[in-house]
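J.: Just so you know, the protein sequences line up as chains A and B, in that order. The numbering of the first sequence is this note's numbering, which starts it at 370 and goes up by one. The numbering of the second sequence is this note's numbering, which starts it at 370 and goes up by one.
In case anyone wonders, no lab produced these hints; they're calculated from the structure. Heads up, none of these hints are tricks.
Remember, identical chains collapse to one label, so a pair may be satisfied in a single copy or spanning two.
Straight-line distance between alpha carbons at most 20 Å, and here's what the computed SDA-like set of lysine to any residue pairs gives:
no.	residue 1	residue 2
1	K787	N746
2	K584	Q467
3	K757	A430
4	K536	L791
5	K787	N720
6	K668	L395
7	K787	V719
8	K787	E743
9	K584	A482
10	K787	L715
11	K787	P749
12	K787	E747
13	K668	E498
14	K757	H431
15	K668	M496
16	K787	S777
17	K713	S792
18	K787	R716
19	K757	Q740
20	K713	L791
21	K388	A730
Number of protein chains: 2
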Amino acid sequence: MKSNDLKDMLGRTSLTPVKQAKHILLDALRATVRKTESCPLSEALDRIPASDTLAPVDLPAHPRSTMDGFAVRAADTFGASSSMPCYLEIDGDVAMGQMPEGTVTQGKCFRIATGGLLPAGSDAVMMFEHTIPVDEKMIEVVKSVGVGKNLTQRGEDIAQGSLALAKGQQLRPQDLGLLAGLGIAEVEVYAKARVGILSTGDEIVHWAESPPPGKIRDINSICLSGLCTRLGAEVTDYGIVSDSEASFFATVEQAAAENDVVLFSGGSSVGMRDLGERVIEKLGQPGILVHGVALKPGKPIIIGMSNTTAIFGLPGHPVSAMVCFELFVDPAIRCISGISHPEKELRPTVNAILDRNINSAAGRLDLIRVQLQERDNELPLAVPVLGKSGSISTLSRAHGYFFIDEASQGINSNSQIKVHLLS
Amino acid sequence: MKSNDLKDMLGRTSLTPVKQAKHILLDALRATVRKTESCPLSEALDRIPASDTLAPVDLPAHPRSTMDGFAVRAADTFGASSSMPCYLEIDGDVAMGQMPEGTVTQGKCFRIATGGLLPAGSDAVMMFEHTIPVDEKMIEVVKSVGVGKNLTQRGEDIAQGSLALAKGQQLRPQDLGLLAGLGIAEVEVYAKARVGILSTGDEIVHWAESPPPGKIRDINSICLSGLCTRLGAEVTDYGIVSDSEASFFATVEQAAAENDVVLFSGGSSVGMRDLGERVIEKLGQPGILVHGVALKPGKPIIIGMSNTTAIFGLPGHPVSAMVCFELFVDPAIRCISGISHPEKELRPTVNAILDRNINSAAGRLDLIRVQLQERDNELPLAVPVLGKSGSISTLSRAHGYFFIDEASQGINSNSQIKVHLLS
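If we strip away everything but chain A, and leave its shape as in the complex, we get:
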């Protein structure tokens, strides 16, 4: 059932709860097939692997010393102590970066440095600190060493055939390090999400222009573009489109054909709201998924799909647009990018104490912007940033936000809240 089939007793379309709207959206996106591509390791930072990676080799490929000292047969040192030392003959040197030649035989040892390969016959490394040189060819050993001590076994870091990296997890620097160590020079990753952005409204001009009287600069495009870029998406800006249905439809149609996600914002007038709805319906199946959510700010969002492209009609007010991005567009882009758990909270959170009472209407999710004031030995104080949803400065001043959920009619001063950080 589509959420917009829900009508109340007066025949008005009712608002979809946020959680339900997100489920409808992600269920629709999960049903689509994602493209993959091969990516050189040197460009794979933050990309999402499309398959599990098994280690193709043992790492390390040979046992290696983790200490400076002497490669020994452990049994030769058993019982050695300061009062009862044993003596070993230095029979060779392990050259760095080369396979050692020769074999360590009973009563003998090879000099070895950290990272050197263990020579045949040896099974432990005696630390330099536990030896006393007798002469050029002989050491006194004042401590025993166990088999396997002070070395890394073949495959100890990771064994051939075992799971190195799981699919669907963003590649971090240390993951690239592991792939480099295994010699994996290409990774199969999901294609980057492509996002088309347009602003609508006859009153909007590009931010680089000087607006004539009555017009205002476009704020949403650059803000939404930055949010998409931070998620690793490739953004195309389709500019500012007038309120005429023909030009608006043509641009959205083109953007839908060229992208995985289309964001249009603005059009807060009644006529424009209807226009957004009509354009999504005209683009074909599956059409509108959600129209209006029980959310403040952000209520008038429209979510639809045309083939496999998700289309979002975002409110024109910058704060409302960004809130809708956080709650719906962000998980959608992460889902399309191949992240395993796109619905999982992305932003880090901190606990804080609310500095005043905040009222809310029951049945609606409220998102409240806050500034945080650090305090010694106490949780930070969260001070709501008040202001209209058209005020971009309130978002820029905010350090984060918290939610008042649908069941609540408000939160009292001094309550502990969980603040999602806008870093």
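Guided by the hints, dock chain B onto chain A, whose structure is given.
T.: Relative to the frame of chain A, chain B by itself:
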């Protein structure tokens, strides 16, 4: 006083505490002058402004309606109710994106949509929902409205001359939105930090090569490069340098001349450690700042400066190298990038419960890698990822890390710990 002047009673150089080493490093860096450059707003995401930004204009420039309805003189509606409505004549329309013509006079009103500019004479907007159309030219008003209601005042979002953005704070998408709204098309930002990276060691080959017996693939370069890239730095890879003093010195000297930061890693052998120290000393003043810190893993780090370039000799083991990056290179790069509080914890943290006892030596900061296991209605369980500091897979498996501080000899099972997330 340089930390390496500290010697113990036996004349050995003692280890510098982590906190002190960081202070020495950041004090030296803060004394250097940072370059700035002009950046177009469209490329300014995540850059660091080099000066405070004051609003050059009022935003919005004119009072605007926040509702669909009628621009009115509030006094005309006083006392209006369902039982005692008042009547207003519709005397004009506010066209979207244009300066309204005409003046609202007593007993009259103009049609206006959300975002429309308030016409002269009006001082409030009557919501559409509180009116009943009488005919084409007349509405019945069933509720009074106060002066200034349902509109945004000139400069209400941000007033001309007030602080829009502070210097030294990374530009977030919403900050770009604010600058766009103010028509600021260029931002003065700090130049990106330039980082030169090289690996040393005769046993190291590039990760894309197939290592001959005895050699291993370079893991640190790609891992360190990814960490720098995520901090917004520009990375130059100087490749793998042999252990010979001449070629090593020549490469480090070139990298120091071309970058703000030089990272070399590897050279875990005794000879190589001395070489790193000699090379930094040879590069001139101020020379070595810190040699060896009370840290595990990461103890053998060397921190120096040549003119204004910070030079880090990192341990060869990947885990040790990354730990040293976290604690020293990361704040250094953020300081050079112009961030106001580079020493502030960058990574988000979560509280967790440790699943076993972990021992530590007093007088040393220990960094313990952990995996987190989510649990219902409880803090997540932190399971230490055990393994040698040469094991890159332990870093890749880790979700984060926690510290055992210098005063502690260990942490007991079931203790609550603060885990820094490696996302």
